[in-house]
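**Q** Position chain B against the provided structure of chain A, taking the given hints into account.
Protein chains: 2
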Amino acid sequence: MAEKNVKKNGTYVLGVDLGGTKILAAVVSKDGKVISRAKKKTKADSDAQAIMQRMVDCCEEAMEKAKLTAKSILAIGVGSPGPLDPIEGKVLDTPNLNLKNAPIAKFISEKLKIKTFIDNDVNIGTLGEFTYGAGKGKKDIIGIFLGTGVGGGVIINGKLHHGYSLNAGELGHMKLVANGELCGCGQRGCLEAYASKTAMIRKIKEAIAEGKKSILPELIGDNWSKLTSKVFKKCVEEKDPLVVPILEEAAIYTGIGIGSLLNILSPELVVIGGGLCEALPDFFMPIIRNHAEKNSFPIMYKGIKIVPAALGDDAGILGAAALAWQRIK
Amino acid sequence: MAEKNVKKNGTYVLGVDLGGTKILAAVVSKDGKVISRAKKKTKADSDAQAIMQRMVDCCEEAMEKAKLTAKSILAIGVGSPGPLDPIEGKVLDTPNLNLKNAPIAKFISEKLKIKTFIDNDVNIGTLGEFTYGAGKGKKDIIGIFLGTGVGGGVIINGKLHHGYSLNAGELGHMKLVANGELCGCGQRGCLEAYASKTAMIRKIKEAIAEGKKSILPELIGDNWSKLTSKVFKKCVEEKDPLVVPILEEAAIYTGIGIGSLLNILSPELVVIGGGLCEALPDFFMPIIRNHAEKNSFPIMYKGIKIVPAALGDDAGILGAAALAWQRIK
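Each protein sequence line maps, in turn, to chains A and B. In our numbering, each residue carries its 1-based index in the first sequence increased by 150. In our numbering, each residue carries its 1-based index in the second sequence increased by 150.
Same shape as in the complex, but just chain A (with noise of 0.2 angstroms):
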């Protein structure tokens, strides 16, 4: 059937994913099947026009991958780390990328002549549930990323919500506790100040200098770039006690958050991903769900699904392909 859709113009998108170690790009259908995949390193501290030709790359690897040419492709959707300006398709800074003004969506369509969009990685990640994973079929949906930050995306009626400064869902970045912990914002109390992976290593280190046992020290050793989602894995199997109050603190923020976040928009699911959750749902879910619960009005709880993430390693390729499927319209 690939084979018969090949040559139809316009029956496929190609969705990227730019992140700060791997582009990835990924010839996708209109119902989601990767037809084919590419992958490049972004080679992070190399300039943007670098940075900017290899996705151009990437593309035209996984093209010919699908032996398909530029007209089978009715439009490119490109995730990216923000802020961005979605409507322009250029990202306006970013930390760990060289991409300051960088034209991307320009930089790509007039290379490849395929009409290109860009937002960024973690609006795409909430679009890309929304359209192929944990939050088909409804309308307004709501993605909480937990990683090194923690990033949002809010869908209304089912298109992202951008807001008057294009970059709307910051909901790492939502007061939970009025002049709390120090974020790395730099203001103070957020939710991201308790729910991300920074905010877990730091407590995580505290709790060590404090002499609090651990099998931590025995597994990573001093080497902090070890704690992976494995890792933390290991440390709910084994019930450690330090740990684990450490991870269900974050997870009862995180409720607190999404019950927030329910009583101002009262959407009809939730969304969360990032590899700690991804790795855990069954010790995290249930928390978050009955803090949001607790901290929710009951009409807005009511119905409502708090999920974890379904499309996994896929989410950045397939919400980017979502993307371009949803602005090509």
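FYI, nobody ran anything at the bench for these hints, they're computed from the structure. A quick note: this is a predicted structure, and the numbers were derived from the prediction, not measured. Keep in mind that a hint or two might mislead.
The list makes no distinction among identical chains, and a pair is therefore deemed to hold if it is satisfied within one copy or across any two copies.
To be verified - In silico lysine-lysine, DSSO-like type, Cα no more than 27 angstroms apart, as pairs:
1) K256 x K452
2) K452 x K250
3) K250 x K444
4) K479 x K288
5) K183 x K265
6) K265 x K189
7) K309 x K288
8) K353 x K444
9) K455 x K309
10) K289 x K309
11) K479 x K289
12) K455 x K256
13) K455 x K383
14) K389 x K191
**A** Quick look at chain B alone, frame taken from chain A:
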């Protein structure tokens, strides 16, 4: 000019403001001009039929005063305390009125043969400011109303956002202090537990019990119903050492909550209503703006406005009229 338009069908709408003590109705033109007004007592303890009939009577009186028949009225908008179902046009329940599952829209439209739409009073207040007041010409705005409780409305892309429960916008019940002060809703740390008049009175009583000095006992004695916005204004003018810090704290939490909302939704304008803020804008607004700025990202705060409500006592009827114009389209 009014005379000339009187017989033209569908030139006007009726806006109805259902409150705990009075029902207001007004004939309103498309550009928000009030052509006539009527007023009746709600008699909140009477049954739903009787209350709804008085709403109909009030509409008829307003039409008579404008020398109009039902044929000249395109639609009726009603603002009512919630929670309610704005699609079915039913009030589900409301603490101060005998209106359990009251089919207000159906009742009025059958009696008057005019299409009738309802929404909750704070949504109506927000829509009124959006259409005719401080938020005119904007696309995404948020309304926050500081009163006995704290209510809110969210307008996205020019439309009130209702969400899955149809009751989104409970901005008074976003959490600002996890496990903080007990709120009237039974949960803890909500904005309402810090910024409502109820919260302020609780704190004032505590401070008086602790023996703190204030001119308040002189002004109102033991009669707390005398604690009007005017009395608060007097306290601010006299720099009352007990009352002023409590008002300041309410303004600070309101600012923190707005900062959080800016990060989540990135509206272009936030309008603050309620008697107290409208009586003391020069006191409240600078504190609110300052803390909203401190608690939001620069990109979310840049170019936006945080302003006091502009419609005053007409907010209810004008907002209800705006609802009629918007929903009849």
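**Q** List, from low to high, the hint numbers that the structure doesn't satisfy.
**A** 12 and 14
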